[in-house]
Amino acid sequence: MSANGTIAVERPPEVKQGWTRARIIGVVLLTIWAALGLGVLIFMVNAWDPDIFARYAPRYLSGLWVTIQLVAVSVICGALLSVPIALGRMSRNKLIAGLAYAYVYFFRGTPLLAQTFLIYYGLGSFRPELQAIGLWGFFREAWYCAAFAFTLNTSAYQAEILRGAVESVGRGQWEAASALGLSKLQTLRKIIIPQALIVALRPYGNEIILMIKGSAIVAIITVYDLMGETRRAYARTFDFQTYIWAAIIYLGIVEVLRNAIDWIELRITKHLKR
Amino acid sequence: MLISRRIALALPAAALALAVGSAHAQDTMKLKIGTEGAYPPFNNLTADGSLEGFDVDIAKALCAEMKAECEFVTQDWDGIIPALQAGKFDAIIASMSITEDRKKQVDFSNKYYNTPPALVVPKESDITGTSREDLAGKVIGAQGATTHATFAETTFSDSDVKVYPTAEEYKLDMVNGRLDAVIDDVIVLQEFLDSEDGACCKVLGTLTPDEAIYGPGIGIAVRQGEDELREKLNAAITAIRENGKYKEINDQYFSFDVYGD
Amino acid sequence: MEGVWTLLSFGPEGWGDNIAKGVLLTVTLALATLPLGLAIGFFVALGKRSNDKALRLAANIYTTIFRGLPELLTLFLVFYGAQIGLQKLVHLFNPDANIEINAFVAGMVALGAVFSSYASEVFLAAFRAIPDGQYEGGHAIGLSNGQTMRLVILPQLIRLALPGLSNLWLILLKDTALVSVIGLTDILRQTGIAARVTKEAFLFYGIACLLYLVLAMLSSIALGAIERRTKRHGVQR
Chain P
1 MSANGTIAVE RPPEVKQGWT RARIIGVVLL TIWAALGLGV LIFMVNAWDP
51 DIFARYAPRY LSGLWVTIQL VAVSVICGAL LSVPIALGRM SRNKLIAGLA
101 YAYVYFFRGT PLLAQTFLIY YGLGSFRPEL QAIGLWGFFR EAWYCAAFAF
151 TLNTSAYQAE ILRGAVESVG RGQWEAASAL GLSKLQTLRK IIIPQALIVA
201 LRPYGNEIIL MIKGSAIVAI ITVYDLMGET RRAYARTFDF QTYIWAAIIY
251 LGIVEVLRNA IDWIELRITK HLKR
Chain Z
275 MLISRRIALA LPAAALALAV GSAHAQDTMK LKIGTEGAYP PFNNLTADGS
325 LEGFDVDIAK ALCAEMKAEC EFVTQDWDGI IPALQAGKFD AIIASMSITE
375 DRKKQVDFSN KYYNTPPALV VPKESDITGT SREDLAGKVI GAQGATTHAT
425 FAETTFSDSD VKVYPTAEEY KLDMVNGRLD AVIDDVIVLQ EFLDSEDGAC
475 CKVLGTLTPD EAIYGPGIGI AVRQGEDELR EKLNAAITAI RENGKYKEIN
525 DQYFSFDVYG D
Chain H
536 MEGVWTLLSF GPEGWGDNIA KGVLLTVTLA LATLPLGLAI GFFVALGKRS
586 NDKALRLAAN IYTTIFRGLP ELLTLFLVFY GAQIGLQKLV HLFNPDANIE
636 INAFVAGMVA LGAVFSSYAS EVFLAAFRAI PDGQYEGGHA IGLSNGQTMR
686 LVILPQLIRL ALPGLSNLWL ILLKDTALVS VIGLTDILRQ TGIAARVTKE
736 AFLFYGIACL LYLVLAMLSS IALGAIERRT KRHGVQR
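Chains as they are written, first to last, in my numbering: chain P, 1 to 274; chain Z, 275 to 535; chain H, 536 to 772.
No lab work stands behind these hints, which were simulated from the structure alone. No residue lacks a Cβ here, since even glycine has one placed at the ideal position from N, Cα and C. Check the hints yourself; a few may be wrong.
What the hints assert, rightly or not - DSSO-like, lysine-lysine: derived pairs with alpha carbons at most 27 Å apart:
1. Lys377(Z) - Lys334(Z)
2. Lys385(Z) - Lys506(Z)
3. Lys304(Z) - Lys521(Z)
4. Lys334(Z) - Lys304(Z)
5. Lys306(Z) - Lys623(H)
6. Lys304(Z) - Lys341(Z)
7. Lys476(Z) - Lys397(Z)
8. Lys184(P) - Lys94(P)
9. Lys385(Z) - Lys304(Z)
10. Lys412(Z) - Lys734(H)
11. Lys304(Z) - Lys377(Z)
12. Lys190(P) - Lys270(P)
13. Lys623(H) - Lys506(Z)
14. Lys556(H) - Lys306(Z)
15. Lys623(H) - Lys377(Z)
16. Lys273(P) - Lys583(H)
17. Lys506(Z) - Lys306(Z)
18. Lys519(Z) - Lys306(Z)
19. Lys378(Z) - Lys623(H)
20. Lys476(Z) - Lys734(H)
21. Lys397(Z) - Lys734(H)
22. Lys623(H) - Lys304(Z)
Stated by the list, open to error - What the simulated footprint calls covered on chain H by chain P, stretch by stretch (three residues with Cβ under 8 Å from a Cβ of chain P suffice, anywhere in the stretch; the number is not a length):
23. 588 to 594
24. 610 to 618
25. 731 to 737
Kindly produce the complete structure, drawing on both the sequences and the hints.
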């Protein structure tokens with residue numbers, strides 16, 4: 001600081017204004033997006049055909065409903081199944097832990113499409129055996145096979161989410177709870193799960209989104225979900241807008257879900273904000 | 275390190291190289307033929323990865339007739355028309371029926387064969403007739419995006435029609451017992467019944483093809499406006515019908531003339 | 536069951552050689568997609584970190600689309616849609632020209648787009664974990680923006696992003712199975728053809744699953760080794 005009153009201040013560099021390189025690139029890229037969007041829009045307007053819309057819109061809705069049912073059933077059954085698997089993963093018994101690990105590794109390490117084929121066509125070739133134990137009625141239906149494959153798949157992922165969430169709650173919480181005289185079950189229900197849920201919310205949400213997207217493959221094993229109806233409409237009309245409609249619907253669902261998760265997360269972590 | 279990095283860079287570059295070529299080559303005509311490779315005895319893949327079948331042999335005969343160099347490309351059925359339009363090949367020789375819906379997208383040569391559809395059911399089946407009522411509540415398998423699937427969905431509206439990506443898959447499901455009946459070309463089904471796996475099943479009956487759905491027969495699809503190629507194919511079809519080549523191929527596969535009348 | 540070994544043999548009667556080719560294609564496709572996905576993912580992450588609104592928006596649109604669409608649909612959109620679009624574009628200039636995107640490139644682009652949109656999130660998280668002091672430190676010793684990025688930030692970024700990227704690699708390996716639907720002869724398509732022709736569905740789809748598992752295990756071993764190496768460097772710092 002000098003005595004004569006002129007203070008030399010090292011100013012932070014000016015924030016660049018106007019057309020920086022980032023802005024130019026940004027505007028160019030946005031223009032490309034806009035052009036693509038416009039192109040799709042023009043294509044859709046040109047390809048618009050009220051007959052096709054009237055004929056296929058209800059089918060898309062029924063396809064969407066099949067997709068939602070399939071994902072809901074798989075995710076819920078998968079959640080139930082994931083509990084014993086997660087417990088197995090955390091078990092001190094080496095055999096149980098090993099088996100649970102193998103289960104998780106198999107279903108996370110192989111493509112859902114291959115698993116679905118293995119269950120639908122692979123198990124389908126054991127019809128006499130399945131009939132003998134009365135399970136053929138179940139495996140006869142493509143929808144059940146798909147739901148079964150998806151349930152097994154998502155249970156492996158959900159087990160890992162569950163395990164990660166429970167383990168994220170520190171040991172000290174268990175010890176403190178037991179010091180207070182809470183039983184193990186009480187501790188789990190009142191102390192651990194509420195905290196684990198916060199950690200698990202986002203992975204669970206992502207898992208549901210992954211299932212919605214992944215479920216598109218059931219179209220290949222004769223289930224008319226949204227993708228199946230899309231392929232059928234395309235096979236009949238050879239009109240590419242059928243795929244674009246499907247893209248818009250899938251994007252819409254995923255975005256709504258994503259925002260819902262953000263909103264819930266905001267709500268349940270309010271007490272953590274300062 | 276340097277070398278491996280160079281390879282890593284070269285790979286996508288090589289893969290990205292787009293084949294830009296002219297559709298009208300002047301010297302020997304080069305043709306890419308699209309087929310499915312899952313529809314015996316018309317076109318199917320063998321264990322050594324090569325194509326065989328009636329369509330394939332006819333295609334080879336046509337190419338020889340046109341003095342064209344032909345290359346086969348296999349493509350799943352439900353994407354075969356877009357793939358043609360996208361220029362992945364120049365003609366589809368894959369037992370494709372000439373229909374009005376398809377004509378909106380592609381042009382067809384004259385027919386090169388025409389056979390009726392049929393229904394196949396398990397040997398112990400209780401289905402007695404081929405009417406809508408006979409099949410009410412039954413599960414019928416068909417290949418997706420085919421005239422047979424469209425026919426089944428319109429005719430057997432009280433049945434549950436399931437569609438499969440290829441004929442091989444509905445056969446698999448028929449053997450597995452998931453289907454009460456399958457509909458397809460009578461020859462394809464006969465081939466299936468003659469195979470080891472076909473022991474399960476029998477022909478219920480052939481169906482009268484609905485002209486509105488089935489069209490005049492099986493043709494070769496080309497991109498719209500490619501009249502030169504279409505005319506050449508038509509001429510070649512007529513030529514092999516006349517010079518006995520068609521009959522020679524026909525007799526290798528079938529006991530009757532599949533060309534129809 | 537002696538027939539099993541004939542079916543899996545490498546001779547003309549067996550499907551061993553076809554399946555081996557399928558494995559090769561799956562691995563090649565995944566390896567070819569990786570650099571594409573990583574590069575795009577990195578630049579998208581940079582875009583999302585930018586101070587510029589337009590660039591951030593453009594980057595966010597990219598991830599929204601490719602994370603929101605089912606991978607199978609993305610594949611169809613690229614394989615058919617991009618092809619038809621490009622074809623129309625080329626015809627504007629030269630009506631006779633024929634442009635062709637082969638299934639391999641379509642698969643690479645579609646899988647690369649999906650991979651990069653997830654990878655951008657991984658990079659973004661890694662960027663956030665690097666304190667501002669690192670940039671300031673780089674500038675303080677006279678490095679330019681590019682040099683700071685290359686010499687100071689990137690080495691740390693890679694280490695931070697590696698676990699996330701390893702995960703994405705395993706997902707990519709599985710997602711390659713979808714290209715069987717557009718006719719690329721990968722593991723699943725080759726085993727699928729074998730299953731349909733021989734009617735031994737359980738055997739061949741089981742083999743497909745095992746092959747993917749083996750690939751996943753080999754990847755885990757390799758990735759583990761890479762992770763250990765980068766960690767060692769990290770400690771030495």
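Pair hint outcome, Lys385(Z) versus Lys304(Z) [Cα-Cα no greater than 27 Å]: holds, 22 Å
Given pair status - Lys304(Z), Lys623(H), alpha carbons within 27 Å: Holds - the C-alpha atoms of Lys304(Z) and Lys623(H) are around 23 Å apart, at most 27 Å.
Given coverage of the stretch 588 to 594 of chain H by chain P, tested with a Cβ cutoff of 8 Å and a minimum of 3 residues: holds (count 7)
Given pair status - Lys734(H), Lys397(Z), alpha carbons within 27 Å: Measuring from Cα to Cα gives roughly 19 Å; hence the hint holds.
Hinted pair Lys304(Z) and Lys341(Z), Cα distance within 27 Å: Roughly 9 Å separates the two Cα atoms, so the pair holds.
Distance restraint between Lys623(H) and Lys506(Z), which requires alpha-carbon spacing of 27 Å or less: holds, 26 Å
Proposed proximity, Lys94(P) with Lys184(P) (alpha carbon, max 27 Å): Since the Cα atoms of Lys184(P) and Lys94(P) sit roughly 22 Å apart, the hinted pair holds (cutoff 27 Å).
Pair hint Lys506(Z) and Lys306(Z), alpha-carbon separation not exceeding 27 Å: Holds, at roughly 15 Å.
Straight-line alpha-carbon gap Lys623(H) to Lys377(Z), limit 27 Å: holds, 20 Å
Satisfaction of hint between Lys304(Z) and Lys334(Z), Cα-Cα up to 27 Å: holds, 13 Å
27 Å Cα cutoff - pair Lys190(P), Lys270(P): Answer holds: Lys190(P) to Lys270(P) is near 19 Å, not above 27 Å.
Given pair status - Lys306(Z), Lys519(Z), alpha carbons within 27 Å: holds, 21 Å
Of the numbered hints listed earlier, not one is contradicted by the structure.
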